[in-house]
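> Working from the sequences, and respecting the hints, build out all of it.
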Amino acid sequence: MSADEFDPAIERLFARSPALPDAALFTATVERRLQKGSRVRVFVLGVAGVVGGVVAAREMLTINFSTEGGSVPTAAMGQGLEAVSFNAQAAIQSGLDQVGLGNIAFGSMNGMQMFWIAAGALIAVAAAGVVRLSQEV
Amino acid sequence: MAQALVDRHDVELAAQAAAGGRREFGELVRRHGSAVRGLLRRMGAQPSLADDIAQDAFIQAFERCAEFRGEGTFAAWVKRIAARLYIKRAAKEARYVAEVETEETVSAPDPGGLMDLDEALKTLSEPERLCVSLCHGAGMAHPEIATALNLPLGTVKSHVKRGLDKLRARLQPAQTLGRTQHVG
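From first to last, the protein sequence lines stand for chains X and E.
Going by numbering that gives the first Met the number 0, the letters in the first sequence line up with residues 0 to 136, in that order.
Going by numbering that gives the first Met the number 0, the letters in the second sequence line up with residues 0 to 183, in that order.
Hints listed in this document are in silico derivations from the structure and should not be mistaken for laboratory results.
All C-beta atoms, glycine included, are put in the ideal place defined by N, C-alpha and C.
There could be a bad hint or two in this list.
Selected chain X positions facing chain E (in silico; Cβ < 10 Å) [as the list claims (entries may be wrong)]:
(1) A8
(2) I9
(3) E10
(4) L12
(5) R15
(6) P17
(7) L19
(8) D21
(9) A22
(10) F25
(11) L33
(12) V46
(13) A127
(14) V130
As structure tokens, then:
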């Protein structure tokens, strides 16, 4: 601003804020919008976390437990785990079918690759959630 | 706790808002909301449009609060965000803004506002009003205004100069009166 443009009186007039009668309403509206935005973000993060967790759990339970060549107790434990895995997998699969995610397939990747991808996504979502939570507190 | 918020400095509140503090940011909105809304009205926005843009500006400010380093005032920082949003909107909806301008010139002045300045601003042409408000209301430098409005720097300078000359002529009695009241 050049010297001839500087006018203290005009500067003062611009610096004065008009007293608006609905100032409190305006503040409340902005606060409501901030709150709403935060809720949407928390909801999206939550849903993503649940979906990612379920997919990760399903992939984890599809791991084949090898029982060949092991000792008797190991083989028994392996069979037990396999049975538990099968039951849990069936339960998760039916849950996924109900929400329309039962046929989710990720190309030609094997179970372990999918597991690590899903686990990575889950950790990222959890980290984002923790950061968000720390900001809330 | 509420008392503590009121006592805190803008920079401190902004730092807490940058860490997600919505209550602290609410206090900043309470302090500077009217100033931002007033600036947008002075730039030529209709009250409802000014309020919408001011809300968007505060939401954007909350999301970008970490960028505020306290070099200038918080109010000036939000005003610049709001001014840029208004310019963008005006460029996108040029026809709508032109209609609004016509409506506003015939509407009654806001009794709560600074009638002298606001009335005087209405006597300016739209570019003069915009340039003067951006320069003196939002604290933007001429080159910044030229970039924001996509106008040559010389044009911006002449708009500001002509606008100020008109304002001085229009506000002269009010300024004198204001000075007398301060002294008395």
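> Take the hints in turn and mark each one as holding or not.
Each hint, compared with the structure:
1. At its closest, the beta carbon of A8 of chain X sits 5 Å from a beta carbon of chain E; the interface hint therefore holds under the 10 Å criterion.
2. Nearest Cβ of chain E to the Cβ of I9 of chain X: about 6 Å, under the 10 Å cut. The hint holds.
3. The restraint placing E10 of chain X at the interface with chain E holds, with a minimum CB-CB distance near 6 Å, inside the 10 Å limit.
4. Hint status for L12 of chain X relative to chain E: holds, with the closest Cβ pair at about 4 Å, below 10 Å.
5. A cut of 10 Å between beta carbons decides the hint on R15 of chain X: the least distance to chain E is about 6 Å, and the hint holds.
6. For P17 of chain X, the suggested interface contact is upheld, since its CB lies about 4 Å from the closest CB of chain E, less than 10 Å.
7. For the restraint placing L19 of chain X at the interface with chain E, the shortest Cβ-Cβ distance is roughly 5 Å, inside the 10 Å limit, so the hint holds.
8. The closest approach between the C-beta of D21 of chain X and any C-beta of chain E is roughly 8 Å, which is under the 10 Å cut-off, so the hint is satisfied.
9. Look at A22 of chain X: its Cβ gets to within about 5 Å of chain E, closer than 10 Å, so that hint holds up.
10. For F25 of chain X, the shortest C-beta to C-beta distance to chain E is roughly 5 Å, which falls under 10 Å, so the interface hint holds.
11. With a least beta-carbon distance of about 5 Å to chain E, the hint placing L33 of chain X at the interface is held under the 10 Å criterion.
12. Nearest Cβ of chain E to the Cβ of V46 of chain X: about 21 Å, over the 10 Å cut. The hint is violated.
13. Hint status for A127 of chain X relative to chain E: violated, with the closest Cβ pair at about 13 Å, above 10 Å.
14. A distance limit of 10 Å between C-beta atoms decides the matter here; for V130 of chain X the minimum to chain E is near 9 Å, and the interface restraint holds.
Checked against the numbered hints above, the structure breaks hints 12, 13 and satisfies the rest.
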